[in-house]
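Asker: What follows is the residue order along each chain.
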Amino acid sequence: MTEGVLRLDAHGTSTPAQGELARWGMLLFLVNEGMLFATLIASYFFLAVANASWPPAGVEKPPLTLPLIMTAALLSSSGMLVIGERGLRAGSRTRYRAGVSIAIALGVLFVGLQTKEYVDKLRVIGPTEHAYASTFYTITGLHGAHVVFGMLFLAWALVREAKGASPRSPALKNAALYWHFVDGVWLVILTSLYLSPRWA
Amino acid sequence: MSSAAEQVSRGDDALRERLTGLWETPNTWSAWLATVDHKKLGLRYIYTAFVFFFLGAVEAAVIRAQLARPENTLVTPEQYNQLMSMHGITMMFLFISPVLSGFSFYLTPLLIGARELAFPRLNAFSYFGFLLAGVFMYASFAIGQAPNAGWFNYTPLSEAAFNPGLNIDFYALGLVFLGISTTAGACNSIVTILKLRAPGMSIDRMPLFLWSSLTISACVIFAMPPLTVALGFLELERHWHFVFFEPVRGGSPMLWQHLFWVFGHPWVYIIFLPATGMLSMIVPTFSRRPMIGHELVALSTVITGLVGFGVWVHHMFATGMSQLSMSFFAAASMTISVPSAVTIFAWLATMWHGRVVLATPMLFALAFVVQFLIGGISGVMTAAVPFDWQVTDTYFVVAHLHYVLAGGSVFGLFAALYFWAPKMYGWMLDERIGKVSFWLMFVGFNVGFFPMHIAGLLGMPRRVYTYPASMGVTGANLISTIGVYVFGLGIVVTALNLLWSRTHGARATSNPWGGSSLEWLAESPPAPYNFAHLPSVSSRSPLWDGGYANGPAYDDGRLTTTTTPIDAAPRQPAELPDENMWSVFIAFTMLLAFSALLVRSYLWTGIGIAATLWSLARWLAPAPAKPVGVKG
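In order, the protein sequences belong to chains A and B.
Numbered by the working numbering, the letters in the first sequence go through residues 1 to 200 in order.
Numbered by the working numbering, the letters in the second sequence go through residues 201 to 832 in order.
This is chain A alone, in the form it adopts within the complex (with noise of 0.2 Å):
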């Protein structure tokens, strides 16, 4: 054996050099995902600032009951999920797996709100009358998208570590980390979507 590697993982993955190259990786691609939505949020203000009114006349602005419980159900999983990898740090799997089921749980509460916000929404605009909609629905659509697969890596870190993955795997990590970052987008979402033409 080399002297100072430590393979321990039974499962087969990561010294803990790997875990941080694993680690630079993830950060990289959510600094890439952030850009992404950064420059839809700056699309959506710029076609607000080029149009006299934003949303269009006839349009409410959005409604916020539905969104704020939205909010809340993202954050308290974001907290949740916090609890399991502390869990998982503490030796305890089944605080591990517990959080993150919930998480998970929330997550499928989320995407049913917005369905429903979808719904509502689509009686007063579709995405093709204005562009207001097309910018809405196309960034919480994204971030839908998202959440959706932020869910299946929670689920697919759950599996990995029911199969016996270290506590320090970075797989369990990266996932947790995806899963804080699109929430924290959510936030900027509410803001610029619902909260500014509040502002306004």
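I should point out that these hints are in silico values taken from the structure, not numbers from a laboratory.
Quick reminder that beta carbons are idealized off the backbone N, C-alpha and C, glycines included.
Any given hint might turn out to be false.
[To be verified] Okay, the calculated beta carbon distance ranges per label pair:
hint: 1; chain 1: B; residue 1: Ser537; chain 2: A; residue 2: Ala105; range: 56 to 62 Å
hint: 2; chain 1: B; residue 1: Pro277; chain 2: A; residue 2: Val49; range: 33 to 39 Å
hint: 3; chain 1: B; residue 1: Trp232; chain 2: A; residue 2: Phe149; range: 28 to 34 Å
hint: 4; chain 1: A; residue 1: Val111; chain 2: B; residue 2: Ala360; range: 29 to 35 Å
hint: 5; chain 1: B; residue 1: Trp232; chain 2: A; residue 2: Leu66; range: 51 to 57 Å
hint: 6; chain 1: B; residue 1: Leu524; chain 2: A; residue 2: Leu66; range: 49 to 55 Å
hint: 7; chain 1: A; residue 1: Val49; chain 2: B; residue 2: Thr535; range: 55 to 61 Å
hint: 8; chain 1: B; residue 1: Val335; chain 2: A; residue 2: Ala105; range: 50 to 56 Å
hint: 9; chain 1: B; residue 1: Thr535; chain 2: A; residue 2: Arg23; range: 50 to 56 Å
hint: 10; chain 1: B; residue 1: Leu499; chain 2: A; residue 2: Ser196; range: 52 to 58 Å
[Said to hold, decoys possible] Some chain B residues close to chain A (C-beta under 8 Å, calculated; not the full set):
hint: 11; residue: Lys395
hint: 12; residue: Pro425
hint: 13; residue: Arg771
hint: 14; residue: Leu813
Could you slot chain B onto chain A? The hints should help.
Answerer: The following block gives chain B in isolation, referenced to the frame of chain A:
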């Protein structure tokens, strides 16, 4: 004494055998396909990019034949639109960028004394993503509907109402696909450069080529999303009648231009800075002294990358924006000339204080300096708003961009080709044939592209399939056509040189040019494991002042050293993965998804996406455990 030496060499042979067993791509067709060897993949990138270069050159040849005389009818206006669009798209996206990436993926681990890139499987994916995205875009010719709205594809021309075929869909979906591959490659480069450098290669000792790679990789991470968003908007508008660019329903055609150029201008630096980085390796080698102003050149590279994000509006001076914002962007654009000048003066000073050896790579490097200077001057001219109004969308701009990208990047690339081919192949390219090729290219390039400045000043618009004889640009165009053909002939001579030298070239030693950086420590061509003993470094030019030492061999796994990002203090070695078919298969599932989206078969798009996610999960699934303590 001699028996001790023999013992060492026997031990060395055994070590090399073990390392080869660990690092060599197994001799099966599936391993060959999915190889993660950065050297094999780097060469694959280079070869594939040169195939696209050939296609782009054929397009250029037809364009120049069409423009050789006024009111020519060799091609129809629609064919011309497709040819000039695909020429730009090919050279910008499928040739210069990937060929430079190929050099970067090949050289980076060697330059930093590592055995692999940080994410070897991701590299395999990047290559196949690039290949298939290129094939996807070129498939458009098969149905006669190649992209036809230029490489920057302005709306409303590219909207469904004015462009109902699949032309623009090939462009938009193909570039999103390619963007995924490019972004993956950029992440890979950054992590490799920051985490896998040899112990002691602190950031101030890092070779200048890596400063370029690092800068442009960061630019890719930030610049690619605006393009992806623009292309996504365009497809949503074309497929599903969403509104982003159409003003009647609240969109704005300016949004496309902003998004495109927020990407597009950094992209110009992304395909240009690697060439300056290569030059900063070549010039000191052939001046027989270390680079003067190493820190300033590194800083200039980073500044160019940063300021490159603040100049995009200079592509849009003619769109009627406020004077204030135009003045700001004009000033920022002129600022770029400062770091570029610093770099040029650093090269000149290095030559001035050195003993210049005029080998073929150095000739290409010198031509780069001259041509980049001319392109830089016309760049500063067009950064001035009133001048830009006169020449925008004329051949003056065509001349400018070709001086920077062909006269700059392509000449830098050929310098790199002659410089590093001995390392890659183990034989030297023939110097005499190389010089013939150089002079043909140099004379042909300048004869071909300089008259375009004049044609542009005389008012010849770009992207128009012909011109009337009364315009007074007939002579300039004929000279351009002749020059471009001579330029092309020069490139053919280098291709022949490669074929000739493969069998007739002199054998290359490990350091044929007397270079200073670590890649010259490896054998020519390098062994599958690059270095039997992973080196550590204690100077900026380790091979010149003996500032390196052999470190550990790490022969019981696919291991390479990791270090801290700034100081390169040694950390634990990392074990890197080997071939995995899923990292290749996933590129094909993506191709399926994009192709289905192209023909609007949403069922198959869904299947493609599901297959992609499935492949991703399989790719990342851990390999079966090796029992701890058993030697690999």
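Asker: Regarding Pro277 (chain B) and Val49 (chain A), is the given constraint of 33 to 39 Å on their beta-carbon distance met?
Answerer: At 37 Å between Cβs, range holds.
Asker: Lying within 28 to 34 Å: is that true of the beta-carbon distance Trp232 (chain B) to Phe149 (chain A)?
Answerer: 33 Å, holds
Asker: Does the beta carbon distance between Ser537 (chain B) and Ala105 (chain A) stay inside 56 to 62 Å, or does it fall outside?
Answerer: 57 Å, holds
Asker: The hint says 29 to 35 Å between Val111 (chain A) and Ala360 (chain B); measuring C-beta to C-beta, is that right?
Answerer: 31 Å, holds
Asker: Please check whether Arg771 (chain B) passes as an interface residue: C-beta within 8 Å of a C-beta belonging to chain A.
Answerer: 6 Å, holds
Asker: Measuring from the C-beta of Pro425 (chain B) to each C-beta in chain A, is the shortest one below 8 Å?
Answerer: This interface hint holds because 4 Å falls under the 8 Å limit.
Asker: Can you verify the interface hint for Leu813 (chain B): is its Cβ closer than 8 Å to any Cβ in chain A?
Answerer: 7 Å, holds
Asker: Does Lys395 (chain B) meet its interface restraint, that is, does its C-beta lie within less than 8 Å of any C-beta in chain A?
Answerer: This hint holds: Lys395 (chain B) lies near chain A, its Cβ roughly 6 Å from the closest one there, short of 8 Å.
Asker: For the range 50 to 56 Å, tell me whether the beta carbons of Val335 (chain B) and Ala105 (chain A) fit it or not.
Answerer: Violated - the Cβ-Cβ distance for Val335 (chain B) and Ala105 (chain A), about 43 Å, lies outside 50 to 56 Å.
Asker: Honestly, do Trp232 (chain B) and Leu66 (chain A) meet the 51 to 57 Å range at C-beta?
Answerer: 54 Å, holds
Asker: Does the beta carbon distance between Thr535 (chain B) and Arg23 (chain A) stay inside 50 to 56 Å, or does it fall outside?
Answerer: 36 Å, violated
Asker: Take a look at whether the Cβ-Cβ distance between Leu524 (chain B) and Leu66 (chain A) falls inside 49 to 55 Å.
Answerer: Violated: the Cβ-Cβ distance is about 41 Å, outside 49 to 55 Å.
When the structure is compared with the earlier hints, violations turn up for hints 6, 7, 8, 9 and 10 and for no others.
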